[in-house]
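Just so you know, the protein sequences line up as chains A and B, in that order. In terms of my numbering, the first sequence is residues 228 to 731. In terms of my numbering, the second sequence is residues -14 to 110.
Simulated from the structure, these hints should not be mistaken for laboratory data. Since this is a predicted model, take the numbers as computed values, not measurements.
Stretch by stretch, here's where chain B covers chain A in the computed footprint (C-beta under 8 Å, at least three residues):
hint, region
1, 383 to 394
2, 404 to 410
Partial list, derived from the structure: chain B residues whose beta carbon lies under 7 Å from chain A:
hint, residue
3, 20
4, 28
5, 56
6, 60
7, 63
8, 67
9, 77
10, 81
11, 89
Every beta carbon over 10 Å from chain A, so not counted as near; a handful from chain B, in silico:
hint, residue
12, 35
13, 39
14, 40
Beta carbons: idealized from backbone N, C-alpha and C, even for Gly.
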Amino acid sequence: MNHWLIAPILIPLIGGFLQVFMGYAPLNLRRTLGLATTAMLVVTTFFLLMMADDGNYRAYAFGNWAPPFGIVMVLDRLAALMLFVTAVLALFAHLYSIGRTDVSSRQFHALFLFQLLGLNIAFLTGDLFNLFVAFEVLLIASYGLLLHGEGTRRTVPGLHYVVLNLVGSALFLISVGMIYSVTGTLNMADLAVTVRQLPAEDLPLVEAGGMILLVVFALKAALLPLTFWLPAAYATATAPVAALFAVMTKVGVYAIIRVYTLIFGENAGALSNLGMDWVFPLALLTMVMGMIGMIGSGGVRTLIAWQVVVSVGTILAAFALMNEAGLSSALFYLIHTTWVAGGLFLVADMIAGQRGSVEDRIVTAPRMRNRTFISVMFMLGAVAAAGLPPLSGFFAKVLIMKSAVPGVEMAALWTVILLSGFISLLAFSRAGSIVFWRNVEGHIEQPERLIFPHTVGAGALIALSVAIVVAAGPVSDYTDATAKQLRDTSAYTSILEMTMVGEE
Amino acid sequence: MEITFALVIGSLTFSGVYLMLRARTFPVVMGLTMLSYGVNLFLFSSGRLVSGGQPIIGSTDTYADPLPQALVLTAIVIGFAMTAFLVVLSLRAKADTDEDHVDGRDHGERPEDPPGAERLREESN
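Working from the sequences, and respecting the hints, build out all of it.
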């Protein structure tokens, strides 16, 4: 057993606890410790990413209870990738919180770290019920973060978000109960073995359970009929929180990828590719809905929130092609869109800070003080998000389009992806030209000054889009290997035979 | 026993869903509580309903699965914490919006703004 596996859980847990008890310590101390925790997380997850790149599955059994009886944490390429993407996003979002967001509340750093704790458990766990617990940990932290900040405008979207997710948790438990009642296990590796050998009369229960599970994950990922909570919630959240939430929809996507390749994947016998005939059209419709939302948004933050919806549709459409190239390109797009959307939320906050009472609304206003820097950042982010060359969105979309097999699916996918690129471009240009170019006389009384942590946080996330292009070769090699590993489920189930401490 | 159990779960879930659709914060909280009771009982039954069984294989003729009870316990704790949070949030929403409707405004009593009115108001300011 490799004890490094639980480092991404222990680091934010300990860091978060320290913050809880340090609520009255000097702000600078809390900040330094908080940022040090996130930075440590980046280093550790990078180390884990390198470790997972040899293609082996590593499992950590809590309390030395052998799977499937105890809870296991499993590190593979996908888990390591998600951990690293989250940690990098979190570091820059955390940096951006300095100076404004973390001043107004004593518990911001603690909540932020507990959010990371929940995310990391969700990515590492190899147990369906433990995934439920991880979702609850990250949700309760996200409730706190979402409502964080001054003013009353977050109350109603926050209430909707909490109630929806509580209903989602109830559905999660129902599906877990249905699956357990037939299979008698909740360990993912064991489930993958058991589902294959189910007698025909038990299949409908597991099938129904699997479909309810898909509904739960689709709610987290904001797939179409369950999309409408997202824009209001994300657009009202404070900037670092909105940036971190760029990865929250990806938890739903991650869960769908994990469960529907491993348990209900190609090798699942009668239940193979369960629900994927639903996911593909819904993902395309999600993209269309996102485009409509982007065109109709009245504020920059709402625009970016709808862009997140489009990106979820893109990832899931590529995944639902159910081939290796599709899965690989979906992961490539996931890395790109998580960082860029996070960066854009931070840029939108800078825009709002310099425009006084109109904030981020797409209307004419007096000129911004730091217009050049912010507009260049916004343009780069928009180019990356819309998928124009030479930034990462272009390469991700080309990979997705190349992975489609000629046929009806390809025609639909190409049409919607090309259209979404065009509409995104249109929406971003409209927003950018009004916000940056159409100015009126006058001046804002107290525009916020750009401070160093803010420019670095936002700039670095946008610059990561360039970094993805520069390192496109290694990154796509890694996602190719990840896709290959995910589709070979027999290797995952081999963790059931792991040697425990004291056995060797 | 199965029929009674199923009816109890069914009626709890039914009342829960009905109350949640009332779109006022207090009924929504009550509805979520009812729903979580129903879900907890459902989860409990996923290990089969056994009376007089022991949770150790071989000690009695009938074996009672202990795992669903552990799952239910976890679900109860989480559900309780979430409900407490939701109650506080509902109170906050009532204080912030002077309204216990989940949208923060009552669609039935107050006349709605015509489309675009908000934007017109912003532009005239």
